[in-house]
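J.: Using the sequences and the hints, build the whole thing.
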Amino acid sequence: MSALGNLIWFVFGGEIFALFWLIVAAFFAVTIVGLPIARACLEFAKLSAFPFGKTVIMETELKGVNNVSGIARVIYIILNIIWFPIGLCLTIIYFALGIISFITIIGIPVGIVYVRMGQFLLFPIGARVVSKKQAQASATANELEKRGLVVVGNGVSATQQNITVNVGQVSAESIRPERQILQTNPTNQISAIGFCGNCGEKIVEGTRFCGKCGTAVNV
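All residue numbers for the sequence shown refer to this note's numbering, where the first residue is 1 and numbers rise by one.
In case anyone wonders, no lab produced these hints; they're calculated from the structure.
Quantities reported herein were computed from a predicted structural model and do not represent experimental measurements.
Some hints here could point you the wrong way.
[What the hints assert, rightly or not] Listed next, the in silico DSSO-like pairs over lysine-lysine satisfying Cα-Cα at most 27 Å (straight line): (1) Lys146 - Lys133; (2) Lys63 - Lys132; (3) Lys63 - Lys146; (4) Lys46 - Lys63; (5) Lys132 - Lys146; (6) Lys132 - Lys46; (7) Lys146 - Lys46; (8) Lys133 - Lys46.
T.: The structure is reproduced here in structure tokens:
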């Protein structure tokens with residue numbers, strides 16, 4: 001359905017909006033200092049051309065906070081503050097178009113697109129347009145990082161309280177250049193099956209050595 005919606009949208013005006021924002025992006029790119037704004041315009045051109053099945057997230061959410069430099073984050077904040085008056089006006093316009101579309105009932109999908117566009121234009125610097133699948137995968141990766149999980153080859157290992165545990169099979173989708181995006185298999189649960197006879201540390205299923213003292217365990 002997203003593919004059909006994107007085709008119809010593109011034919012009936014999407015290509016014109018996309019072309020306009022590509023021209024704006026080229027203008028800011030020529031100024032050099034406006035490169036971050038140019039990048040935002042390119043992202044919006046992508047959203048304008050094929051909006052269905054897409055979502056808007058910040059680069060810090062897509063790549064992870066630790067993978068976006070502090071300088072870049074500061075620049076994004078400053079430029080978004082400068083952009084805000086323009087962004088607010090554009091957002092109000094797109095939200096108004098969205099409300100009109102919602103009223104027609106059959107235009108609800110289009111209304112959702114307009115709202116998403118308004119959301120992007122309010123703070124566009126550092127925003128990225130990705131598929132919903134990519135956004136979900138990125139959220140999963142960020143949650144794994146918060147819990148101390150790291151990628152190891154085609155699998156995942158986690159170090160928590162000095163215990164290395166096997167999380168089980170994962171399906172990985174490479175949308176970040178520095179690591180894979182992970183989705184854990186919900187059927188594989190981490191469970192403690194005993195305690196180390198030497199130090200009393202918890203022993204997790206599938207572990208051959210105590211994560212605290214290194215003593216071999218029989219499980």
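J.: Which constraints among the numbered hints does this structure fail? Numbers only, ascending.
T.: Number 7 - this is the single hint that the structure violates.
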